[in-house]
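> So you can see what is in the structure, the chains are spelled out below.
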Amino acid sequence: GQQLNQSPQSMFIQEGEDVSMNCTSSSIFNTWLWYKQDPGEGPVLLIALYKAGELTSNGRLTAQFGITRKDSFLNISASIPSDVGIYFCAGQNQAGTALIFGKGTTLSVSS
Amino acid sequence: GAVVSQHPSRVICKSGTSVKIECRSLDFQATTMFWYRQFPKQSLMLMATSNEGSKATYEQGVEKDKFLINHASLTLSTLTVTSAHPEDSSFYICSARDFGRAGSYNEQFFGPGTRLTVL
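Just so you know, the sequences run in chain order D and E. Just so we're on the same page, our numbering is the position in the first sequence counted from 1, plus 7. Just so we're on the same page, our numbering is the position in the second sequence counted from 1, plus 138.
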């Protein structure tokens, strides 16, 4: 089945630094999504991408849907302590179907 | 809007007992709900797709007789872990698809999860 490779697995950064993480897939997705999960809670949608090449921002977050439809990246600018958490990419083949998740990137921010 | 709740938030049970977890869409109708399982420090893995009024579709390797899913209404799906064992201890998360929400895809909203610990 399809698998998502997400990297890096973890990051330790200083407050104010920019962060970048990415996901690659062995096959094509029609939708890429990025979620953040805090400990003991469900994931919360950050950004959804629907078209190859699409670049979308949500505040300090920016994500892009790769041209090949097999990859996506998420950037966080000027990180703050509340950015701490686990970030997951997810791909979706068809609208309304289940999501396939990456393995997550754990972000730690020191002030 | 678009809130999904889960009950209970955490449960501890003895080995061999059955546990029921509820997933509710509070302000929208969800014809489809998904159940995921997440082990510590790992990603969310899809267990099954629950469709209102029909049988659930289980992913390969997930025992349908052990993880019973019932989606009897447009706002409620239940997951029952039967004869639970310690290896079933995990974080169970549901998501609900808002069929009526306009957009290029039907967004899924996740519940807050249920932490199951089997002693």
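Treat the hints as calculated values from the structure; they're not laboratory data. Among these hints, one or two may not hold up.
Example chain E residues on the side facing chain D (calculated, C-beta under 8 angstroms, incomplete) [claimed, not checked]: (1) PHE172; (2) PHE177; (3) SER181; (4) LEU184; (5) THR187; (6) GLY191; (7) ILE231; (8) ARG235; (9) GLN246; (10) PRO250; (11) GLY251; (12) ARG253.
For glycine and all other residues, C-beta sits at the position ideal for the given N, C-alpha and C.
> Take the hints in turn and mark each one as holding or not.
Checked hints:
| no. | hint | verdict |
| --- | --- | --- |
| 1 | PHE172 | holds (5 angstroms) |
| 2 | PHE177 | violated (12 angstroms) |
| 3 | SER181 | holds (5 angstroms) |
| 4 | LEU184 | holds (5 angstroms) |
| 5 | THR187 | holds (6 angstroms) |
| 6 | GLY191 | violated (16 angstroms) |
| 7 | ILE231 | holds (5 angstroms) |
| 8 | ARG235 | holds (6 angstroms) |
| 9 | GLN246 | holds (7 angstroms) |
| 10 | PRO250 | holds (5 angstroms) |
| 11 | GLY251 | holds (5 angstroms) |
| 12 | ARG253 | holds (7 angstroms) |
Figure legend: structure checked against the earlier numbered hints; hints not met, in rising order: 2 and 6.
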